[in-house]
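Chemist: Heads up: the sequence lines are chains A and B, in that order. Per this note's numbering, residue 139 is the first one in the first sequence, and the count goes up by one each step. Per this note's numbering, residue 547 is the first one in the second sequence, and the count goes up by one each step.
Since the hints were made in silico from the structure, they are not lab data. Any given hint could be a false lead.
Stated by the list, open to error - Computed cross-link-like contacts, DSS-like style, restricted to lysine-lysine with a CA-CA straight-line distance of at most 27 Å: (1) A:K169 to A:K661; (2) A:K506 to B:K556; (3) B:K556 to A:K723; (4) B:K580 to B:K641; (5) A:K506 to A:K723.
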Amino acid sequence: MSNGMLEETQVIPLAEVEEVDLYHAHHWITKYVFCQDAKVIAIQYSATAILIGLVGLVLSWLMRLQLGFPEVFDFIDAESYYQYVTMHGMIMVIYLLTALFLGGFGNYLIPLMVGARDMVFPYMNMISYWVYLLAVIVLTVSFFVPGGASGAGWTLYPPQAISEGTPGIDGGIILMLVSLVLFIIGFTMGGLNYVVTVLQARARGMTLMRMPLTVWGIFVATILALLAFPALFVAGVMMLLDRVLGTSFFMPEMIVQGEMTSHENGSPLLFQHLFWFFGHPEVYIVALPAFGVVSDIISTHARKNIFGYRMMVWAIVAIGGLSFIVWAHHMYVSGMNPYFGFFFATTTLIIAVPTALKMYNWVLTLYKGNIHLSIPMLFCIAFILTFLNGGITGLFLGNVIVDIPLSDTMFVVAHFHMVMGIAPVLVIFAAIYHWFPKMSGRMLHEGWGQFHFWITFLGSYLIYFPMHYLGFVGVPRRYFEIGETAFVPPSAATLNEFITVMVLIVGFAQVVFMANIIISIFKGKPAGDNPWNATSLEWQTATTPPGHGNFGDELPVVYRWAYAYSMPGVEADFVPQNMPPGEVKRTDSATGPVAEDPPELHQ
Amino acid sequence: MSLFHEMTKKPWLVDPAEANEVREVGAFFLPAGKVGLRVFLVVVTVIFTLITIAYADRMLFANWLPMPEPWVLWLNTALLIASSAAMQFARNGTKQDDMSGVRDGLVWAGVFTFAFLTGQLYVWQQLVDLGYYANTNTANAFFYLLTAAHGLHMAGGLIAWWRSYSRMRRGASVADLRLSVELCTTYWHYLLLIWLVLFALLLIS
Ligand code: HEM
Ligand SMILES: [Cu+2]
Numbered sequence: 139m140s141n142g143m144l145e146e147t148q149v150i151p152l153a154e155v156e157e158v159d160l161y162h163a164h165h166w167i168t169k170y171v172f173c174q175d176a177k178v179i180a181i182q183y184s185a186t187a188i189l190i191g192l193v194g195l196v197l198s199w200l201m202r203l204q205l206g207f208p209e210v211f212d213f214i215d216a217e218s219y220y221q222y223v224t225m226h227g228m229i230m231v232i233y234l235l236t237a238l239f240l241g242g243f244g245n246y247l248i249p250l251m252v253g254a255r256d257m258v259f260p261y262m263n264m265i266s267y268w269v270y271l272l273a274v275i276v277l278t279v280s281f282f283v284p285g286g287a288s289g290a291g292w293t294l295y296p297p298q299a300i301s302e303g304t305p306g307i308d309g310g311i312i313l314m315l316v317s318l319v320l321f322i323i324g325f326t327m328g329g330l331n332y333v334v335t336v337l338q339a340r341a342r343g344m345t346l347m348r349m350p351l352t353v354w355g356i357f358v359a360t361i362l363a364l365l366a367f368p369a370l371f372v373a374g375v376m377m378l379l380d381r382v383l384g385t386s387f388f389m390p391e392m393i394v395q396g397e398m399t400s401h402e403n404g405s406p407l408l409f410q411h412l413f414w415f416f417g418h419p420e421v422y423i424v425a426l427p428a429f430g431v432v433s434d435i436i437s438t439h440a441r442k443n444i445f446g447y448r449m450m451v452w453a454i455v456a457i458g459g460l461s462f463i464v465w466a467h468h469m470y471v472s473g474m475n476p477y478f479g480f481f482f483a484t485t486t487l488i489i490a491v492p493t494a495l496k497m498y499n500w501v502l503t504l505y506k507g508n509i510h511l512s513i514p515m516l517f518c519i520a521f522i523l524t525f526l527n528g529g530i531t532g533l534f535l536g537n538v539i540v541d542i543p544l545s546d547t548m549f550v551v552a553h554f555h556m557v558m559g560i561a562p563v564l565v566i567f568a569a570i571y572h573w574f575p576k577m578s579g580r581m582l583h584e585g586w587g588q589f590h591f592w593i594t595f596l597g598s599y600l601i602y603f604p605m606h607y608l609g610f611v612g613v614p615r616r617y618f619e620i621g622e623t624a625f626v627p628p629s630a631a632t633l634n635e636f637i638t639v640m641v642l643i644v645g646f647a648q649v650v651f652m653a654n655i656i657i658s659i660f661k662g663k664p665a666g667d668n669p670w671n672a673t674s675l676e677w678q679t680a681t682t683p684p685g686h687g688n689f690g691d692e693l694p695v696v697y698r699w700a701y702a703y704s705m706p707g708v709e710a711d712f713v714p715q716n717m718p719p720g721e722v723k724r725t726d727s728a729t730g731p732v733a734e735d736p737p738e739l740h741q
Numbered sequence: 547m548s549l550f551h552e553m554t555k556k557p558w559l560v561d562p563a564e565a566n567e568v569r570e571v572g573a574f575f576l577p578a579g580k581v582g583l584r585v586f587l588v589v590v591t592v593i594f595t596l597i598t599i600a601y602a603d604r605m606l607f608a609n610w611l612p613m614p615e616p617w618v619l620w621l622n623t624a625l626l627i628a629s630s631a632a633m634q635f636a637r638n639g640t641k642q643d644d645m646s647g648v649r650d651g652l653v654w655a656g657v658f659t660f661a662f663l664t665g666q667l668y669v670w671q672q673l674v675d676l677g678y679y680a681n682t683n684t685a686n687a688f689f690y691l692l693t694a695a696h697g698l699h700m701a702g703g704l705i706a707w708w709r710s711y712s713r714m715r716r717g718a719s720v721a722d723l724r725l726s727v728e729l730c731t732t733y734w735h736y737l738l739l740i741w742l743v744l745f746a747l748l749l750i751s
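All chains, please: the whole structure from these sequences, using the hints.
Modeler: Below you can see the structure in the form of structure tokens.
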């Protein structure tokens, strides 16, 4: 027998090799700056994402000022307006949401929730953050190069993205593409960590089906991202070559200002396919972690187990799979073969099935629950409503015949802000209110939280509901100014003013939120280890915030799933995942075998 | 236990047999590094597949002017095969606790890989001299793109190679090198496979 055979069998089951050599920082620089601890990396990721997200937010204010009050603000001209649109869209989707959900929450929650000391490749994890930071810096620099940032729209469609007449074709678009390529490289390093940590580094007893849904959501979203980002990567590199070397991957023959360009016979449609092959899964890269987080938060704050856990897991996986075969619903008006349209409309509608299933399960989880209307819970309920709303307009747009007149109108803007703008952001807020106590050891201020929630929730509906209507009457998207048209009634202008005022009010609520975070870090009410009486492992750490290595001297051992709430016959209304069955206190009235033993009591 | 089987579990039912006893985990009986490499190779596959699909799509266009395939490409292919073989040799060395085998294998793998990359650059130089610029025809552009993408992946592999190699120089034992050499070997074989597919694609177009 060769040693090779031996080697295959010799690998020790992970249950016993758990104790890893932890990396130890010896200098404050390696402890707080170039740190390999996933929790520190998570905070770095989150802080960077939120900062650049604030830039995206300010850009949206500028756009709204222009749309609400055209010709009032001299410093916004058509060129800069397009730059705002582009940078806003790109920043929000990629550099805020993707980075925050995967780099931020993924890094913080995966190791803690599966009971690992850290990510499996900590060094690579650290590099991932620094490459991300570099990508953000490169993107930011693009505002300041001659010609300014790209104004191509966040979809960066060629040929216009790199043709004369579009703002930012000198440096802006180049930096944008370089930044995207860097982002993807950085993400891939992080993504390998998230996937392999979930697969290989779980604590003893943490079977896949005992993982909290948050972990499932982030896990599947990471797989999607690993498979989808390469399409953006390839498209980005090819466009960069078209722009820098003058190749013709995407650039057709064109006459610009009376002269033939040197490009020949490229295929702009190819870009659209590559872009949306990434772009649609991207929606779910953001949505799946949100789904997971919502499931866990409503279960905890309604003191009830999640309804249909297994269905929820499968739905996440099914949505993930289906999201790769719907991309061309973004291309109904691109002139592609109508039979394609039929196919993609069908797949798009099929995705609604697992998604609706999740909706029902959330509602059934809340049904007869002991609902605590805490801030995280409020945000989650708001998410469910908002996602439902955006999902339904999505069914409209998924049909070719409805999409054609609505395409490129404000209706689309309203739709995608509902599903992937507002909805995930509501979950981010929910998650921050929920986990901030673990990250900082202090609670966020409840009253300010209420204020933040109601203004944000009602405000975003007042912003986006009217926008659907604007879309119906035909107000186009990505227009600097519509001026006078025969079909848009003057009342649209009043509505636009109203929307802009609402945007500023909602914006103010975010300032309050930021203040709440900063003040609470220092002055918040001490939270204790487990303020929400939650079952999952991150709440069972020895110290709060969790120390280096997460779980004190001994790794937790997991005995049950994460949804053991309000179990009959058990004294407390929750049983932590790592509490040995023998230690579960039973109520006096309970006699004989209770709690964990009778299966039928759990469902 | 297969992943699928695992996913059919009903965690809310407590199986009395499992209640007190917790089972081991880790979805695969493999070190994290191996699982990580496999996931990464999937990502690499997606990248090359997408470029290949784009390539095939563009081949159908009317003004596609295929490039000549310089004979040096055949030589480079041989070099790449040699580097892969050398890696395998090193890998066999780690299995048989044969340090000198590991050393020879690693050194030669590095040498052949460097030679391959140099050869690829030479091909580029030759084509540019002949006037096949990336912007004269999309076939050329794809050729440069594919070779560059593959070359950069090889260069990335050389970083991993360098880390094993310098660990060996610093006196690491065979056991210490086993995993990293194995990972390098897998990566080299896989990139060889990708190169063969790409080369075949270039030849038939
Ligand atoms: C306070 C919140 C926000 C406001 C007021 C806002 C406002 C706007 C406005 C006015 C546009 C331009 C519409 C057009 O003319 O086409 C826009 C575009 C866009 N927004 Fe937002 N937005 C907000 C948050 C977000 C978030 C959180 C996301 C994350 C997904 C997002 C993603 C996008 C995208 C992808 C575009 C399209 C950009 C383009 O057309 O190239 N927005 N937003
Ligand atoms: Cu889509």
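Chemist: Could you run down the list of hints and mark each one as holding or not?
Modeler: We went through each hint and held it up to the structure:
no.	hint	verdict
1	A:K169 to A:K661	holds, 24 Å
2	A:K506 to B:K556	holds, 23 Å
3	B:K556 to A:K723	holds, 24 Å
4	B:K580 to B:K641	holds, 16 Å
5	A:K506 to A:K723	holds, 24 Å
In this structure, none of the earlier numbered hints is contradicted; all agree with it.
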